[in-house]
Amino acid sequence: MARTQPAVDIRDLRITFDTDGGTVQAVRGVDLEVQPGEVLAIVGESGSGKTVTARSILRLLPETATVKGAVMVGPENVVTLDQRRLRQLRGTAAAMIFQEPSTALNPVYTVGWQLAEGLRAHGKYTKKQARAHAIEMLRRVGIPEPDRRVDDYPHQFSGGQKQRIVIAMALALDASVLIADEPTTALDVTVQAEILDLLRHLRDEFGTAIVLITHNMGVVADLADRVAVMYQGEIVETAPVRELFAAPAHPYTRKLLAAVPRVELVERVAPPEAATEAVVEASGLEIEYPGRLGRKGFRAVHGVDLRVGAGEVVGLVGESGSGKTTIGRAIAGLTAVTGGSLRVLGTEMRGVKEREFRPKRRELGFVFQDPATSFNPLLTIAQCVAEPLVVHGVASSPADARDRVDELLDAVQLSGGYGDRFPHELSGGQRQRASLARALALDPKLLIADEPTSALDVSVQARVLELFEELQERFGFASLFITHDLAVVDRIAHRVVVLHRGEIAEEGTAAEVLGAPRDPYTQRLLASLPVPDPVEQAERRAAFVALGGSAS
Amino acid sequence: MSDTTSVPTVQVRPPWWHRLPIIQQLRQSVGLQRGMLVAGLVITGIFVVVAIFAPLLAPYGFNQLRGPDGLFGAQQPPSADHLLGTTVGGYDVLSRVIWGAQTALLVILVAIVLSVFLGIALGLLSGYIGGWFDRITIVIADAIYAFPSLLLAIVAAIVISGGQSSLWGGIFAAAVSITVVFIPQYLRVVRAEVLRVKSEAFVESAKVVGASNARIMFRHVLRNSTRTLPLILTLNSSEAILTLAGLGFLGFGIEPSAAAEWGYDLNKSLSDVTSGIWWTSIFPGLAIVLVVLGVTLIGESLNDLADPRLRARRKPAETPGQAVAAEQPAAREELGEVL
Amino acid sequence: MRGGGFWRYLLVRFLLIIPTIFILVTLVFFLMRLTGDPITASLGDRLTPDQLAQRIHDAGYDRPILVQYLEYLGNVFTGNFGSSITDGRPISEILFTYGSATLELVIYSLIVAFIVGIPLGMVAAYFRDRWGDAGLRVFAILSYATPVFFAGLVLKLIFSVWLKVLPVAGRASTRTEIKIQGLDSQTGIYFIDALRTGSSAAVADVLAHAVLPALTLGLLTAGVFLRLVRTNVIGTLSRDYVDAARSRGVGEYRLVRKHALKPALVPIITVIGLQIALLLGGAVLTETTFEWKGLGFQLADYLAKRDFVAVQGIVALLAVIVAVTNFIVDIVAAILDPRVRY
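Protein sequence lines, in the order shown, are assigned to chains U, C and R.
Taking my numbering, the leading residue of the first sequence gets 1, the next gets one more, and so forth.
Taking my numbering, the leading residue of the second sequence gets 553, the next gets one more, and so forth.
Taking my numbering, the leading residue of the third sequence gets 892, the next gets one more, and so forth.
No incorrect hints appear here.
Each computed SDA-like pair below joins lysine to any residue, with the alpha-carbon atoms no more than 25 Å apart: (1) R:Lys1196 x R:Arg937; (2) R:Lys1196 x C:Gly721; (3) R:Lys1153 x U:Ala130; (4) R:Lys1184 x R:Val1094; (5) C:Lys750 x U:Ala455; (6) U:Lys353 x U:Pro290; (7) C:Lys820 x R:Leu1057; (8) U:Lys353 x U:Gly340; (9) U:Lys353 x C:Ile681; (10) U:Lys127 x R:Asp1134; (11) U:Lys68 x U:Pro6; (12) R:Lys1196 x C:Leu822; (13) U:Lys124 x U:Gly74; (14) R:Lys1153 x U:Thr126; (15) U:Lys127 x R:Leu1146; (16) R:Lys1055 x R:Thr1065.
No wet-lab data here; the hints were simulated from the structure.
Whenever a hint applies, use it, and build me the whole structure from the sequences.
Below, the structure written as structure tokens:
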């Protein structure tokens, strides 16, 4: 096979960092090749070294990093390049797309200025030409009215549009390699589908090579031609995408793929008492956040009817801004109800006094999204888990509650010395399990879980979900499970409620809502969710285009 | 199993004293930052030692005008009897510089004790309760904060002592007037911290659990809000010295017969300078500079070490060590406003 | 484009000035009165008890404190600050005469502070944690650690007494003062007045007198600016958008100058606004050190004489200046930050 010169050729790359805790090897001997016009996905969990590897292509590494080996971009070795030449190469030979579009754009300059700056850094354009080119680039990535919007500031664009602008900047100098670092992680699924579409279009039209870094196997299946799997700084497997999904060779790849949640239309039946006894009952629920300085408030939730029966798991799904978290917080009494009615465990929450609701709190547990901040950093895990027991007078002190705490930690598979550790000494997944233990300390009737797994890696997520299922069956609590991930909700919930802009779009059993959605929004949501199977995803993409979801 | 095999298990966690404020930072620091911190600690240490042992170190009393050979004489240049010369009032400069350290230390201590307690209490209440109490407190604090602190201290000094007084009277007057200026700063910093901590998930979690407000405030919020206090303490110590010196320089200090005070001596040396008499001003001035320098160096290093952005330019979250470092709470940007 | 939001923001900020001034004026009034009536304080040792009582009664200081307070508030509102007790001059006249001298000093020092502090802060951020940075930081800390009056004394000793290249004190030599007095009207800002006399010697004389006070006060402020710029620029340098610009091939120097500085300017400007308090406090000390006959010098003088009516007037004026400066700073910050304009 006659091979063209690769767009990027990485040979025996080794990167180490100096840290407080000594030297850390982030990348150990990586070999990679990217052909022109190819999308290479680097997948792996956090700490696998995938981002560092990709960033080394532009040598965008902190000063504490030491790089050994060779990174050839075209004919040049980036590792040994001098500063001046490196600067010339950045943007022209290779360019980068960032994870968080809202922080990758400088808030105090117009997007046109920032686009033009990249062009003029390479000295090929006059002011006027640069502006014309900037407008052209914005048009190419699908920004409507580019000649007017070129003078707008980043905050005037939506999240998806900002990511389009970041892509426009990366494309501006016809770089032959694009490095996309989790380009859709910060975006909602429907927007994600559009951005993936745009990237595919660029590859097809301009033959740009794309290095795609992601942890989302659905995105990989959708876009990648070839996949490199990284684990602890090494590449454990490289294969064409269909081959990898069909027959993963390395045990780690198999484990990773097995952990990815899929929509499989699992039918779970709620216990019979769910129909007769409700722990949460909302009708016409309205929640409005007050505006500042006399401005109009923001209505996060309007006219929502919701019911969670005893022992029933209700999955609340929606994109960012849909009001799903707000509803969860209102049920826990953290956000005030401004209209309609919300009864939680028999108490009307509208205008409720904290003093009246406090006794009910022992029947309510809450698991927060971010495991890093949900524990008081100055208390041990055992003290944190004992908190509900002490507050409600079940135990007189954390020490007194220790037996029960050990029991609980045992239930979430954190036995042994974990109770005496401080929160920062635990991993994210361990903390989230401890969080479950704390929520279940008083054997509550209702558990609210607000995106409990979205900050976790897939394999950790799988473990936490498994545990949740097991505990739910064992203790029989009702639960409102808030998530943006349809596959997660499919696995966990008896019933699914889809929320869209503060209103309910659709509800029913998981099979009904996810199997045969009737509401157009739910249909679009499902269609834009990339499935972790390249063959099936190709078919779904066609269906998505038919639904009018495509933009470019 | 024999006795000899019962080797004590290796302690995984570092000894407790490694987690003490200054010690922890000293171990954490590297290179230039460590140099700054060490220099600051050494200078401040010398200052404290001199202040405590002033009666032993000073050759004469602070208000001594005559030795065995009669009067010292005014404006005598440095000599064997008076290593740093004598002042226009006929005091020994070296003795007054050494005794001045004691006065400065006392004022710092009293001022800090007063403002820390009031400031923290107000900041905690203001940040946690919020609402009207918070709004009124913060408007008053901001107004005071925006006003030249020296003038406010002068007004307070007039109220307390009518301007002049004895050793303890003078020290309290100076300390209280400095406190009036400091409370808004403590309040702002603690309040900002409380607001940050209050919105963290672990506080919400305590609320969901049903903990009472008092329990949340003291068990969860307070201890997590006082992280920047060592830093503020150093900054305010140096400002206390400067304010005290400023008061003394404008004639609101402590009378020379009651105690030695550097700012007062500088005020009296103002006219000496014109006639080329340098020793009466340079030495008390240098004493102020050194002490403030020492304390500020500590503060600066603490600030750098507390702020990951300033401490080290390391990439977060790609390695376990960095992930831990990235999770250390960031220092408040408000600190930029303290000076 | 600036929509209604911007103007509304301005209005809210403007209205916030009022409580600030009100609180300070109130605070100063009551604190001053805690010491007793101003007449006893200033003239108590010079008059007989009868005379004293008469003067107190005439001035209305024997009325209930609340009545006096309301009357004082009303007077301040109409710009009437009363008359000083010791020399009987109206406070508003004192404020006008000496205010211009202080203004001149503050402007000179701000020029020094901006020229020295901001570029050096950027340099320090650029060379962060290297020797250049360390040196600049030590300079910044030293400029903070040195009391202004001591810095003034040292500069005076070196340049005026030992080297004899600059004047010791005052705003101008007697000859220049006479020339300026000869003008039909004076602005009180000597640099402008000297220009108007048409004599280059007068201009040089006025400037020579300004060098040391401006350096003394300016370097103090420059140190603060340097630290501020350094910290904030380093903060913005770690932002994603700086990395993004770097990935497009933008040079390191330009990254500091364009991408890091402008976003950092918003917090910098805000804190600089708060420094006006520091600057005014420093002005009092600097003026005393150099016998620069401005408000601060006058204030120290009245303080020594225990003339609290005059003190109260000057302090109230300073409160107004501080509040207005903060308002202006807020506007500048809003203009710099496009997110405020919506």
